[in-house]
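Taken in sequence, the protein lines are chains A and B.
Per numbering that gives the first Met the number 0, residue 0 is the first one in the first sequence, and the count goes up by one each step.
Per numbering that gives the first Met the number 0, residue 0 is the first one in the second sequence, and the count goes up by one each step.
Be careful, since some hints might not be right.
With a straight-line Cα cutoff of 27 Å, these simulated BS3-like cross-link-like pairs (lysine-lysine) come out [what the hints assert, rightly or not]:
no., chain 1, residue 1, chain 2, residue 2
1, A, K194, B, K39
2, B, K56, B, K39
3, A, K138, B, K155
4, A, K286, A, K247
5, A, K194, A, K176
6, A, K176, B, K56
7, B, K155, A, K294
8, B, K56, B, K106
9, B, K106, A, K168
10, A, K167, A, K213
11, A, K229, A, K176
12, A, K138, A, K167
13, B, K105, B, K56
14, A, K229, A, K286
15, A, K167, B, K105
16, A, K294, A, K176
17, A, K286, A, K138
18, B, K106, A, K176
19, B, K56, A, K229
20, B, K39, B, K105
21, A, K138, A, K168
22, A, K213, A, K138
23, A, K247, A, K229
24, A, K168, B, K105
25, B, K106, B, K39
26, A, K194, B, K106
Just so you know, the hints here were simulated from the structure itself, not pulled from any lab data.
Treat the numbers as computed from the prediction; the structure is a model and nothing was measured.
Letter by letter, the chains look like this.
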Amino acid sequence: MNRQSLKTYTTLAVFVLPILACAGVMNAMEQATDESSMEGKFIRGANRMRKSFQDLDPSEEHFIGRSVAAQILSMPEYPLAQDERLNTYLNHIGLAVAATNEDVLRPFLDYRFAALETEEVNAFACPGGTILITRGLLKKASSEDELAAILAHEIAHVTLRHGLEAIKKGNMTEAFKYLGAGAAQATMGPEELAKVTGIFGDSIDDIVTSLITKGYSREAEAEADALGRKFLAGTGYDPEALRRVLAKMGGEGGSGGMFATHPSPETRIQSLGAPVAYAEDAGAASKRATRFRAKAN
Amino acid sequence: MKHAPRPSVMPNRSRVALTGVALLAVVFGGGGFALAAQDKGDSLTVTRKAAKLRNAKRTFAPAVADLVEGDRLVVEAEDGAWFSATYALASGPVTGFVHKGDVSAKKDVRLSGEGVRENYSSSEAAAARKGFSPQVEREHRANNPGLEAAFQAVDKIQARVVTDAEVFAFISEGGLAQGGSATGGGQ
Numbered sequence: 000m001n002r003q004s005l006k007t008y009t010t011l012a013v014f015v016l017p018i019l020a021c022a023g024v025m026n027a028m029e030q031a032t033d034e035s036s037m038e039g040k041f042i043r044g045a046n047r048m049r050k051s052f053q054d055l056d057p058s059e060e061h062f063i064g065r066s067v068a069a070q071i072l073s074m075p076e077y078p079l080a081q082d083e084r085l086n087t088y089l090n091h092i093g094l095a096v097a098a099t100n101e102d103v104l105r106p107f108l109d110y111r112f113a114a115l116e117t118e119e120v121n122a123f124a125c126p127g128g129t130i131l132i133t134r135g136l137l138k139k140a141s142s143e144d145e146l147a148a149i150l151a152h153e154i155a156h157v158t159l160r161h162g163l164e165a166i167k168k169g170n171m172t173e174a175f176k177y178l179g180a181g182a183a184q185a186t187m188g189p190e191e192l193a194k195v196t197g198i199f200g201d202s203i204d205d206i207v208t209s210l211i212t213k214g215y216s217r218e219a220e221a222e223a224d225a226l227g228r229k230f231l232a233g234t235g236y237d238p239e240a241l242r243r244v245l246a247k248m249g250g251e252g253g254s255g256g257m258f259a260t261h262p263s264p265e266t267r268i269q270s271l272g273a274p275v276a277y278a279e280d281a282g283a284a285s286k287r288a289t290r291f292r293a294k295a296n
Numbered sequence: 000m001k002h003a004p005r006p007s008v009m010p011n012r013s014r015v016a017l018t019g020v021a022l023l024a025v026v027f028g029g030g031g032f033a034l035a036a037q038d039k040g041d042s043l044t045v046t047r048k049a050a051k052l053r054n055a056k057r058t059f060a061p062a063v064a065d066l067v068e069g070d071r072l073v074v075e076a077e078d079g080a081w082f083s084a085t086y087a088l089a090s091g092p093v094t095g096f097v098h099k100g101d102v103s104a105k106k107d108v109r110l111s112g113e114g115v116r117e118n119y120s121s122s123e124a125a126a127a128r129k130g131f132s133p134q135v136e137r138e139h140r141a142n143n144p145g146l147e148a149a150f151q152a153v154d155k156i157q158a159r160v161v162t163d164a165e166v167f168a169f170i171s172e173g174g175l176a177q178g179g180s181a182t183g184g185g186q
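The following block holds chain A by itself, in its conformation from the complex (with noise of 0.2 Å):
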């Protein structure tokens, strides 16, 4: 790759990715580049991307989280947490995260987050916003603070929609067939619905399989983390809180969960970078710390 070539793409990624969801915008570029151009091509790769997941409505995506989370709870090792307590505290400080975040992406129904009764390092993110934690991931957080840089980072990859990215592109080309813009007009027929019912079954195993086998690329973790730690800052939380538990994880260790889906926690350190400034109130952060030792031991 040459300067210029670098320099071109550079200039796309900090402008196009921004708005890789804006429709019109989107269009707008393809119609005025040339198809040949490098940047045609770049623009007109990024509205295949569009045309596949991104294209699917909020409500679409609510009922896909829905199964994807009773797949996911229908596993024995993942049973619901009966602790009304914790999981009142953890959707409190989840939706203080949503609520003072404007670029959090807004599902069909608010965000809501569950313990799971489990010793295993791990958190789902479903699409539209129901988030499931572990009881072991949640002991690797010493404070409030450390609790919502976990929550932070999965709201994070449900508004980057990491989750629909994983449904195989074959999956959602077939699906885009029946559930293309044109169709929408009428209802659909017995062998019809047979047909979508057999993709979004099969969307909803690509999902899973990356939740709990695959995971996301390194790439996408890195950007929930980034993405993560800005949302903590905004909702007045130390944005720090996110390396300090990754270092605890890192320092203890272990193995299945998280630890076999995601990049090690060093690497994940290293990507966050240079730390981040942050002008703690000792008086909100000592009630803080009360209502954690309240609310989440």
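Following the hints, complete the assembly by docking chain B onto the known chain A.
Frame of chain A, contents of chain B only:
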């Protein structure tokens, strides 16, 4: 005349630079709301099961109208992450602020039909049933009866009621969102 093909392998340094730039774009660009610029008079459709038209562009600003899936609004102006928009209440039109993430400008947006009002037209309701919809979930559940208990657990998680007032009190008590968009509001 054909040009010699360019080498397709990107040098490591360039790849690192691109990944870094992409991360910066994600961090500074966010990604939550996906609407292109809209003009005054354009129509918006509520895509969440429930949303609020507020009297100021703040998350916890008082609501001037309760909105549900399928409700239509008319754009007055754009303002950052918000639209100033008008909604036709039975008592007359009311103007307020709706978050861009609560609405879509797409004419063929797929709705679940679960949150829509009773007077939503039958043709629109029919369109609503197309796509990954409640009908598809029902069929998926019928095909996978072993998931039924897990779906009930999901229903329980999603049915949890957490009010704006609760979240606002939690934020205030913890000294959070200093100067953020959530401060200075009520219900």
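>> So if I understand the rule, the pair passes when the alpha-carbon distance is 27 Å or less; does K106/B with K39/B pass?
In response: holds (16 Å)
> Given the proposed pairing of K56/B with K106/B, does the C-alpha separation stay at or below 27 Å?
Replying inline: With a Cα-Cα distance of about 25 Å, the restraint between K56/B and K106/B holds, given a limit of 27 Å.
> Is K247/A close enough to K229/A, meaning Cα to Cα at most 27 Å?
Replying inline: holds (20 Å)
>> Does K247/A sit within 27 Å of K286/A, going by the straight-line distance between their CA atoms?
In response: holds (23 Å)
> Do the alpha carbons of K167/A and K105/B lie within 27 Å of each other, as the hint requires?
Replying inline: OK: K167/A and K105/B at ~25 Å, within 27 Å.
> When you check the alpha-carbon spacing of K194/A and K39/B, does it fall within 27 Å?
Replying inline: violated (41 Å)
>> Hinted pair, alpha-carbon criterion (27 Å max): K176/A, K56/B. Please report holds or violated.
In response: violated (39 Å)
> Taking 27 Å as the top limit, are the C-alpha atoms of K167/A and K213/A close enough?
Replying inline: Given pair K167/A, K213/A holds - Cα atoms ~13 Å apart, limit 27 Å.
> Holds or violated: K294/A with K176/A, Cα cutoff 27 Å?
Replying inline: Violated: K294/A and K176/A sit about 48 Å apart, past 27 Å.
> Is the hinted pair K213/A and K138/A satisfied, with a Cα-Cα distance of at most 27 Å?
Replying inline: Since the Cα atoms of K213/A and K138/A sit roughly 24 Å apart, the hinted pair holds (cutoff 27 Å).
> Keeping to a limit of 27 Å between CA atoms, is the pair of K138/A and K168/A held or broken?
Replying inline: violated (37 Å)
>> Between the alpha carbons of K155/B and K294/A, is the straight-line distance 27 Å or under?
In response: holds (21 Å)
Consistency note: the structure conflicts with the earlier hints numbered 1, 6, 11, 12, 16 and 21.
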